[in-house]
Amino acid sequence: MVLGFALALGRSSRRRTVRGSVSVYNWLFRATPTLLQLLFIWDALPQLWHVFAGTWFTPFLAAFIALSLNEAAYMAQITRAGLLSVAPGEELAGRALGLSRRQILRRVIVPQAVRVVIPPTGNEFITLLKLTSLASVISVHELLTAAQELAAVRFQYPEAFLSALVYYLVLVSILMAVQSRLERRFTWTSARRGRRRAAPAVPVVSHDAR
Amino acid sequence: MSEAILRAEGLHKRYGELEVLRGVSFEVARGEVKVIIGPSGSGKSTLLRCLSLLEEPDAGEVSLEGRRPGHGEVGMVFQRFNLFQNMTALGNVMVGLTDVRRLPKREARDQAIEFLERVGLRDKAHQYPDELSGGQQQRVAIARALVMRPKAMLFDEPTSALDVELVREVLDVMEGLARDGMTMVVVSHELRFAHHVASSILMMDEGAVIEEAPPAEFFSAPKHERTRRFLALVE
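Protein sequence lines correspond, in order, to chains A and B.
Just so you know, we're using my numbering here: the first sequence kicks off at 1 and counts up by one.
Just so you know, we're using my numbering here: the second sequence kicks off at 211 and counts up by one.
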């Protein structure tokens, strides 16, 4: 998320090289399958740079890095849409009052962008959680692998997979609950009930084929 | 009339090919109310933005009491209010005091409430912009600018985004300000307001001031053909 925010700011940078490299980054990570990125970081990277060949570079760490880099590209797009959703007139008003650019960003733009960004970010987290099942290919012992092993040993496929399913449901439900709390927190009506005008549309990215 | 407090000298501004201001000069004396009218694209808004330092003119100078205006010294009110949507009415009025003037919260709050009272919105202090009518939002915006104790106030079509029945409450606040001796530059096509409140009226066309006169003279005997045609259209 932090990387995504930095990337989003980079997209609106005044320097062309910064804008350009952010675009290339987003293009690279969104145009290639997550599975390939995962395999590349775990299998190919140690051969390219020997620093990554050490024992410290565990499958878990590789999965963590790959999924974070991947996620940042998506978060960058979402954050950018959030920042753009704040009416430009508010920035103007802030400048007329004498607020600095940083103050305007911190006091006015970011809080409002957060509101717009929460629902798609919720989606991202859920997708990310489920994408962890891909990490099995680089031998991370994640939830689905654990279920498969259990099933193979005891030959109880329905039980094992059903319990994995329940675990996923519980984890995702927790994320969803957190999301709706956050949404209420960032709604600006005195009653804090969703009476605010519809949040500006954010381009929704489909993840099905990642 | 007393000495000039706000002065623009030979302002030029172009956006690419488009020359928006072609050498605009004028001055406003303390306590004077200048109303600027003119067709859209004549450079009125750009002029106000240069006066409030939101835009840097390509050539020419803006001065307030003989020097460059500081933060919040020239208050600006926009057509679309531009309130910070994530803050209450009170928050909007306070933020300049806490973040620009660095006043302690309690003091900022007291002053903000005082100014909300002045625009008749003390009871709306804890409402968010979303829950206020356009007229109320514009009055909050006026309080937000006033609380900085500006030496002059600029209004960029402050009532043209409002429903007719809400225009009056905003004009009332502005008339009150004028009576209290606030120096004001108002871009507006509210000709009745101009007639009653303005010390003089400026007509702009194609990036230049083509006529300036006190209201009585301006309306009864406009010198310029362009002004006559424009007045006929607006009325």
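Hints in this document: simulated from the structure, not taken from any laboratory.
Think of the CB as a built atom: it goes at the ideal place given N, C-alpha and C, for glycine as much as any other residue.
Check the hints yourself; a few may be wrong.
[Stated by the list, open to error] To give an idea of the chain B side of the interface with chain A (calculated C-beta under 7 Å), a few residues:
hint: 1; residue: S262
hint: 2; residue: L264
hint: 3; residue: D340
hint: 4; residue: R359
Hint-by-hint comparison with the structure:
1. S262: Holds: closest Cβ of chain A sits about 6 Å from S262 of chain B, inside 7 Å.
2. L264: Constraint on L264 of chain B satisfied, holds at 6 Å.
3. D340: holds, 6 Å
4. R359: violated, 12 Å
The structure is inconsistent with hint 4 alone, although it conforms to all the rest.
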